[in-house]
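**Q** Next come the chains, spelled out residue by residue.
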Amino acid sequence: MMVHYPHDAGAEAAMIAAIVVSATVGDVLIASAMRTIGDLDHIRAERGLGGAIFAVLVNLRFLFGVVFLTISFFSLLYALSRANLSLIAPASASLTFVTNAVAAKFFLHENVDRRRWIAAALVCAGVAFMTA
Amino acid sequence: MTKSTMTLRRWFILGIVAVTAPLGDTLLSFGMEEVGPVSIHHLATLFYAFRVPEVLIGIALLIAFFGSYLASLSWADLTFVLPATSIGNVIVALLARFWKHEHISPMRWVGIVLITAAVGFIARGPSYTEMPKPHDAVEAQAQ
Numbered sequence: 001m002m003v004h005y006p007h008d009a010g011a012e013a014a015m016i017a018a019i020v021v022s023a024t025v026g027d028v029l030i031a032s033a034m035r036t037i038g039d040l041d042h043i044r045a046e047r048g049l050g051g052a053i054f055a056v057l058v059n060l061r062f063l064f065g066v067v068f069l070t071i072s073f074f075s076l077l078y079a080l081s082r083a084n085l086s087l088i089a090p091a092s093a094s095l096t097f098v099t100n101a102v103a104a105k106f107f108l109h110e111n112v113d114r115r116r117w118i119a120a121a122l123v124c125a126g127v128a129f130m131t132a
Numbered sequence: 001m002t003k004s005t006m007t008l009r010r011w012f013i014l015g016i017v018a019v020t021a022p023l024g025d026t027l028l029s030f031g032m033e034e035v036g037p038v039s040i041h042h043l044a045t046l047f048y049a050f051r052v053p054e055v056l057i058g059i060a061l062l063i064a065f066f067g068s069y070l071a072s073l074s075w076a077d078l079t080f081v082l083p084a085t086s087i088g089n090v091i092v093a094l095l096a097r098f099w100k101h102e103h104i105s106p107m108r109w110v111g112i113v114l115i116t117a118a119v120g121f122i123a124r125g126p127s128y129t130e131m132p133k134p135h136d137a138v139e140a141q142a143q
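Those sequence lines, one after another, are chains W and A.
Going by this note's numbering, the first sequence opens with residue 1, and the numbers climb by one from there.
Going by this note's numbering, the second sequence opens with residue 1, and the numbers climb by one from there.
This is chain A alone, in the form it adopts within the complex:
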């Protein structure tokens, strides 16, 4: 049996999951470009990465992502959380378009429309599959 467990606060947490993952990845990518290529024989170079502000902020965002992701999985299904938070890809693409004035190809616009449709679709459905508790199962067997 499925039910809706969502509140405004929980939608906000899903928003954090959606935004922090792509932003954290992007900042790490910028930061690692500054560090340069890391050789397998000189792995200690990786420690220099911790001096780069983009890397530190990226790591902080990814920690926030993982904490919010765990919290969301404790009150919503995996098949609800993953599509609902994929809107983050759209947010990053739109930021790139309107903030950094990057070009977005028609293919990417199609992708944005498809993901937005998926999020709208999943958001209108139930968020959590309720499992029978052990004592409920025993009672059902006894009847």
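Isolated chain W, as found in the complex:
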């Protein structure tokens, strides 16, 4: 059965913003944590799988990242209970690609060249088309 929710553009924008911001903060914190921990392939070769898992789990930045991704997940569930899937899923998924690219450039200092901007924009549009 198709459920139609009352349209409230302000509330929908706030819910999408909550999902996108928390997902971006989570992704950036986790990427930053993995960069400080170092190449997991090397750590696993030196200390084994247990050593690699331990190195990740004791990293505070990683743990905060997981907290933000959890907030993002529950924000998504909340939004899906209040608004239509056809709006929330494509909007949040595609916007997250763009905000991640911007955040990676400014906070992770990644070299986001023209190739990566174009790829992020193509994925953003592609996800919107696929889930619309």
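Do not rely on the hints blindly, as some may be mistaken.
FRET-style restraints, in silico, Cβ to Cβ [as the list claims (entries may be wrong)]:
#: 1; chain 1: A; residue 1: Ile59; chain 2: W; residue 2: Ala11; range: 43 to 51 Å
#: 2; chain 1: A; residue 1: Arg9; chain 2: W; residue 2: Arg47; range: 35 to 43 Å
#: 3; chain 1: W; residue 1: Val58; chain 2: A; residue 2: Met131; range: 16 to 24 Å
#: 4; chain 1: A; residue 1: Glu33; chain 2: W; residue 2: Glu46; range: 19 to 27 Å
#: 5; chain 1: A; residue 1: Leu43; chain 2: W; residue 2: Arg82; range: 13 to 21 Å
#: 6; chain 1: W; residue 1: Ser81; chain 2: A; residue 2: Phe50; range: 35 to 43 Å
#: 7; chain 1: W; residue 1: Ala9; chain 2: A; residue 2: His42; range: 29 to 37 Å
#: 8; chain 1: W; residue 1: His109; chain 2: A; residue 2: Pro106; range: 38 to 46 Å
#: 9; chain 1: W; residue 1: Asn111; chain 2: A; residue 2: Arg51; range: 44 to 52 Å
#: 10; chain 1: W; residue 1: Arg47; chain 2: A; residue 2: Gly15; range: 34 to 42 Å
#: 11; chain 1: A; residue 1: Leu46; chain 2: W; residue 2: Gly10; range: 26 to 34 Å
#: 12; chain 1: W; residue 1: Arg61; chain 2: A; residue 2: Gly15; range: 23 to 31 Å
Partial list, computed: chain A residues near chain W (C-beta under 10 Å) [said to hold, decoys possible]:
#: 13; residue: Ala93
#: 14; residue: Leu95
#: 15; residue: Val110
Everything labelled a hint here was simulated from the structure, so no lab data went into it.
By construction, the Cβ of each residue, glycine as well, lies at the ideal position given by its N, Cα and C atoms.
With chain W held as given, fit chain A onto it using these hints.
**A** This is chain A only, laid out in the frame that chain W set:
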């Protein structure tokens, strides 16, 4: 400075990231349909979900996704990993079309083409931004 850190094995790990996330989500969705609606007042119902095989396999796939995702972020940039692994959406759509014989609308085909183009585009570029190590920065300042 950017460089390529990719090997065949690392492309394989990115493939695991790409495939396990959408497949895990799909299996969880199938499993939760079997469990039915969960009331906020009866959250214990969620434990029944662990008896549903689709939910268990879905969770196992999402654990595999997270492990591979973390590994990939330790040797590749976030702005490389995210577009490169978005091909998973395309794989799931193609599985739905050719395995489950579902209809794919023209809009979705456009989405598939755009994502595939993005992945082809990003895959030809460098994967990792090399940061100056602390002692390199000190040496550069001294010069």
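**Q** Sort out which numbered hints this structure fails and list those numbers smallest first.
**A** Of the numbered hints given earlier, those the structure breaks are 1, 2, 4, 6, 10 and 14, listed in rising order.
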